[in-house]
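With the hints as a guide, bring the two chains together.
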Amino acid sequence: MNRFFLSINVRELVRPLGQLTLFSLGSAAALSIIVLIMALVLDQTIIGETLTEKLNVSLYTYTLINLPQVVLDGLTIGFVYAAIALGYTMVYGVLEFINFAHSEIFAVGAFVGVEILIALDQTGMLRNASLGMAYVFLIFAILAGMAAAGALAVTVERVAYRPLRGAPRLVPLISAIGVSFLLQDVIRLVEGLTTGDFNRIFPTFGNFDQRIIFGKLALGSTNLTLGVSIKSLIVIISAVLMLVGLNYLVNATRIGKAIRAVAQDRPTASLMGINVNRIISITFLVGGLLGGAAGVLYALKFTRIDPFVGFFPGLKAFAAAVLGGIGNLTGALLGGIVLGMLETFAGSYMGVFTMGAAGSEYKDIFAFSILIFVLIFRPQGLMGENVGQKA
Amino acid sequence: MSLLLSLNNIHSYYGHIHALKGISVDVHKGEIVTLIGSNGAGKSTTLRTISGMMHPKEGSIILNGKDISKMEPHDIVLAGLGHVPEGRGIFPKLTVKENLEMGAFTVNDQKVIEERMEYGFSLFPRLKERVGQYGGTLSGGEQQMLAIARGLMLNPDILMLDEPSMGLAPVLVELIFDIIETLNKKGTTILLVEQNALMALSIAHRGYVLQTGEIVVSDSAANLKQNTMVQKAYLGMD
Ligand SMILES: Nc1ncnc2c1ncn2[C@@H]1O[C@H](COP(=O)(O)OP(=O)(O)OP(=O)(O)O)[C@@H](O)[C@H]1O
Ligand SMILES: [Mg+2]
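Going down the list, the sequences are from chains A and B. The opening residue of the first sequence carries number 7 in the numbering used here; numbering runs sequentially from there. The opening residue of the second sequence carries number 4 in the numbering used here; numbering runs sequentially from there.
Just chain B, same shape as in the assembly (with noise of 0.2 Å):
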């Protein structure tokens, strides 16, 4: 398999704090790659370190064989990537729609930016019934959904998705995973950051643990669910 997005010793910080001391991520092309770790281990810094929101201090990031660790996210977004933020990142007072054309924001092409924004219709039906309403007044899962259908307006290589199943309940959860596992299947390749580490370790093909900063364990999905160490801190078993 090929690499697609690989992290080489990246270390970022938020003024004196340094939140990323030198990890390396590989992700390969077609994979779904997971990134689990407690509150404040430095996932999304990570994912935003990635998408050029912040510089990190030393190291490199190379994406389709580029390195795009000093360029600013508007550019990185058109070397084929996807970052669906903690959050979400909903425009309130832009509606479903106006969400969605922002996230095709760079293609000009009317009639492409219609069929992409048909695809999202067909993974969420639900998004097709509230084009009309302002994205501040979607529910939670809405958001999440509205997330994730602009995050693939521009047909990214390689989507970064930041704690989806945040807030939502089970049954969204599960409908959210299964869309994600349908986008891989049909080529796009995910960086998925998750604290549900057995939803994300059950669809991902291998794991990343990050802790206060740093990567303390990385194999395959099934291997890390039968890491004690893993089981203990991140799947709730003694």
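Excised from the complex, chain A in its bound form (with noise of 0.2 Å):
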């Protein structure tokens, strides 16, 4: 082996994969287990009856059967959540500071891929493309919307953040949310003066849209196919790569080491030769990155994007980030993960269970309520903790 291999530190490339494995497993397996009591005890009532005489299933087959999918498309969304809340977090843990700005900067990383997917899709290209070729193009599209996010992140920071860095923090915040309507507008006008459509389809193109079955499973008297949509794996594998990039960069490299530090004690790292700005743009960029990623994924994942695309996954990631306790990078993870399961849960079972009073569209009310639950008690968040302290 040579040097370049053993200075790779194994153990925090491992690690931030077992933290996954440990909070998806983990997440799915309490809820799967409060769904199942729940459909168990509702079997008993009218509404097992209704289902029974419905579908000829039993409310608790129904929920055990459904159960795989909604776990599959709770950790899509969550890995999404994650990606998106390591952007909120990084900036916390470093600043002490909320860059509301972080969803504008999400969706214009959606945007710029999706441009440049529909411009490729517009020349034919990714029709004829092979395979192969379709994949070339995604990633492409990934990593333009990634760099021209972890650009903008930047170029934030420093025309209208760092000038307010010794003001009150209220100041930085009003004017990140002012950068966020700001961000929303420019993109609206933008794609109004050039395409005179708000809304931006992602194009259908290589086999994103395909599944692949696992099998076919009997409920009552119809099918239910066992699957996972490509795009779904897609989105869960890059979010994976970015989270253990992320984990390895904080952890076990020298900028990791810095950005620690400045997250501590800026005024002492500065006396320790580090050029605090360059972290601190450094640490815009990286979450830059990430969100402008997840912006691509996401728009891979649900077709459909509008210039206000970035409020409620940049709502529900902050939500996150908090839930896991703002400023702790392991918490962002675990937050991102359990808020996309409890909304995907909800989603999924809060129709059947009430009878269609309270359908899906009141999932974010639930996963919401569950947050607020969560830090009465526990105000620091799941981690507490602080991105200072290797995650």
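Since the hints were derived computationally from the structure, they do not count as laboratory data. The beta-carbon is built from N, C-alpha and C at its ideal position, and this holds for glycine as well. Errors might be hidden in some of the hints.
[To be verified] What the simulated footprint calls covered on chain B by chain A, stretch by stretch (three residues with Cβ under 8 Å from a Cβ of chain A suffice, anywhere in the stretch; the number is not a length): (1) 94-105; (2) 224-237.
[Stated by the list, open to error] With beta-carbon atoms standing in for the labels, derived distance ranges: (3) B:K100 to A:L137: 13 to 21 Å; (4) A:A153 to B:V134: 36 to 44 Å; (5) A:F187 to B:S9: 49 to 57 Å; (6) B:N67 to A:L188: 45 to 53 Å; (7) A:A36 to B:H19: 50 to 58 Å; (8) B:V134 to A:I376: 37 to 45 Å; (9) A:T360 to B:V134: 53 to 61 Å; (10) B:K69 to A:A153: 34 to 42 Å; (11) B:K69 to A:G390: 51 to 59 Å; (12) A:R171 to B:Q214: 30 to 38 Å; (13) B:V134 to A:G390: 24 to 32 Å; (14) B:V134 to A:T210: 52 to 60 Å; (15) A:L170 to B:H14: 23 to 31 Å; (16) B:H19 to A:F204: 46 to 54 Å.
[What the hints assert, rightly or not] Partial list, derived from the structure: chain B residues whose beta carbon lies under 8 Å from chain A: (17) S54; (18) M56; (19) H86; (20) P88; (21) F108; (22) T109.
Spelled out as structure tokens, the structure:
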């Protein structure tokens, strides 16, 4: 083995994978048990009877059979939230400042990625692309979205936050909200002037919409196909790669050590020869890169984007960061996964469990109620602590 | 002796507060120079202004012949200045070893880093026993040792220490002052800020007395100890 491989800190690659697996399995198991118990109880009531009449299946079986799909969907969106949440948490950890413009940085990433693909689509290149080329185009779009969002995040910090660094805390916060609105309108303006259409659609190409089928399950009188869409897999795999990469950067590199030092004590860090402004820029860059990638992945998964596309994912990712313990990298992963799972479980089962009275459109109320509940008892978030510490 | 550091007519402000009102300080190669004064006199402000954590509104600061008054701290460090700040500035969630590595952030040669770390351990064997412990869990004395050892990681031409005796038991104060003398004998120039004026004057070659942002007396340490004003105000004699 050469020196390069010897100098890789394997532990810092394996540990986050372990954490991600643990968080995913843990939250999936906990929520599954809860819904299964609820289903067992509700089976004895009119709710169970109605379902049996309609689909010829008990509520318990219905719940059980749908679980794998729900868990996969929850993971997909959970990893997207985690990637966005890391942007909030990195910046908070270093500056104790909530970058409310991060949701628009995510949106810009999504737009840049989608516009590139639309442009490619119009040349006909996407439709005629081989499968390999389709993936090349997708990766290119993700990288372009990352680059744009990363550059934007660095610019926003330089222009709108850095001059306010000595000001009272509320001042940069207001600036961030201002930047957020500004960017929304810039996207709207640019899209309006160039395409005349605010809604952009992720072009159909490659095999991303296909599903890998694991098998069919009998669900009363109907059949349920068990599978995962390729795009969900892409989202999950890309997110895992990014999350592991970020963990490595922060915990096992020189830059990461500097980031942690700046987070813990900025003036002293500068006395160590660390260029604090450069580290802060790098922090924004990394957050922007993750946010931009999340934007393109989000567009891949949900197809349609508009200038306000950042709002809800941004808000939820922020909530996820707070849930996990803002400023804590591991917390952002946990918060993202838990929130994504919660919302998907709620969206999938609330309708059946309430006989349609409270359908999936209420899933956010449910997810956020849990969030408030958790924070009442653990205001520091699930993991507490700080980015300064090793994740 | 050649001039290593010189402050000429420095004015520093916190917003509208005029904290340094035109002070001039010279430090020659090989000296221990102490800056004494009561609370709020501007001692820490002087060190902060030198290390670039704040910039003077007026005046020049020459280090090794170069004006550093407009430079940023991370560049001034590279010009040969070490600053052990007031309150020690230990990174609480980094281990002792990582804190020391931070001190050598700009050094790329792993061998040099290890040599200097060993040197720090030879001065403060206690630190070696605590390498894996978080900085925040060290005792006050151990933190001060770590802060000094970390300040030496770049092998600075001049080391500035801001109240190294603060909050330490008398035995530890002795130890720290012994080490400062040792360092000086080995060639490190020292600028020492102290409230413990007697201790400071006992190891320093020269001293400056700071009062509300102005230098009121400067003389050899021996003469300052005999100065009635200094005796009254800072040495607790009548
Ligand atoms: N961050 C700050 N903002 C505003 N004023 C400050 C700040 N830091 C110090 N000052 C003021 O500047 C003056 C000099 O402070 P400085 O910390 O240099 O004193 P000092 O001599 O180090 O005192 P001590 O022995 O208590 O550490 C004081 O009047 C202090 O109130
Ligand atoms: Mg002071």
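> Measuring from the C-beta of M56 (chain B) to each C-beta in chain A, is the shortest one below 8 Å?
Replying inline: Because about 6 Å separates M56 (chain B) from the closest Cβ in chain A, which is inside the 8 Å limit, the hint holds.
>> Please check whether V134 (chain B) and G390 (chain A) have a Cβ separation lying inside 24 to 32 Å.
In response: 26 Å, holds
> With a cut-off of 8 Å, does the beta carbon of T109 (chain B) approach a beta carbon of chain A closely enough for the hint to hold?
Replying inline: Check passed: Cβ of T109 (chain B) comes within 4 Å of chain A, closer than 8 Å.
>> Does the beta carbon distance between N67 (chain B) and L188 (chain A) stay inside 45 to 53 Å, or does it fall outside?
In response: 47 Å, holds
>> Verify the CB-CB distance for A36 (chain A) and H19 (chain B) against the hinted window 50 to 58 Å.
In response: Hint holds: Cβ distance 57 Å, inside 50 to 58 Å.
> Are K69 (chain B) and A153 (chain A) spaced within 34 to 42 Å by their CB atoms?
Replying inline: Cβ of K69 (chain B) to Cβ of A153 (chain A): about 39 Å, so the range 34 to 42 Å holds.
>> A range of 36 to 44 Å was offered for this pair. Does it hold for the Cβ distance of A153 (chain A) and V134 (chain B)?
In response: About 41 Å separates the Cβ atoms of A153 (chain A) and V134 (chain B), which means 36 to 44 Å holds.
>> Given a hint of 13 to 21 Å, does the C-beta separation of K100 (chain B) and L137 (chain A) actually sit inside it?
In response: This hint is violated: roughly 49 Å between Cβ atoms.
>> Next item in the hint list is S54 (chain B). Is there a CB on chain A closer than 8 Å to its CB?
In response: 6 Å, holds
> Quick one: are L170 (chain A) and H14 (chain B) within 23 to 31 Å, going by C-beta?
Replying inline: 26 Å, holds
> Does 46 to 54 Å hold as the CB distance between H19 (chain B) and F204 (chain A), or does it fail?
Replying inline: Between H19 (chain B) and F204 (chain A), where Cβ atoms are some 49 Å apart, the hint holds.
> Are F108 (chain B) and chain A close enough, Cβ to Cβ, to be under 8 Å, as the hint says?
Replying inline: 5 Å, holds
Consistency with the previously given hints fails for numbers 2, 3, 11, ordered from lowest to highest.
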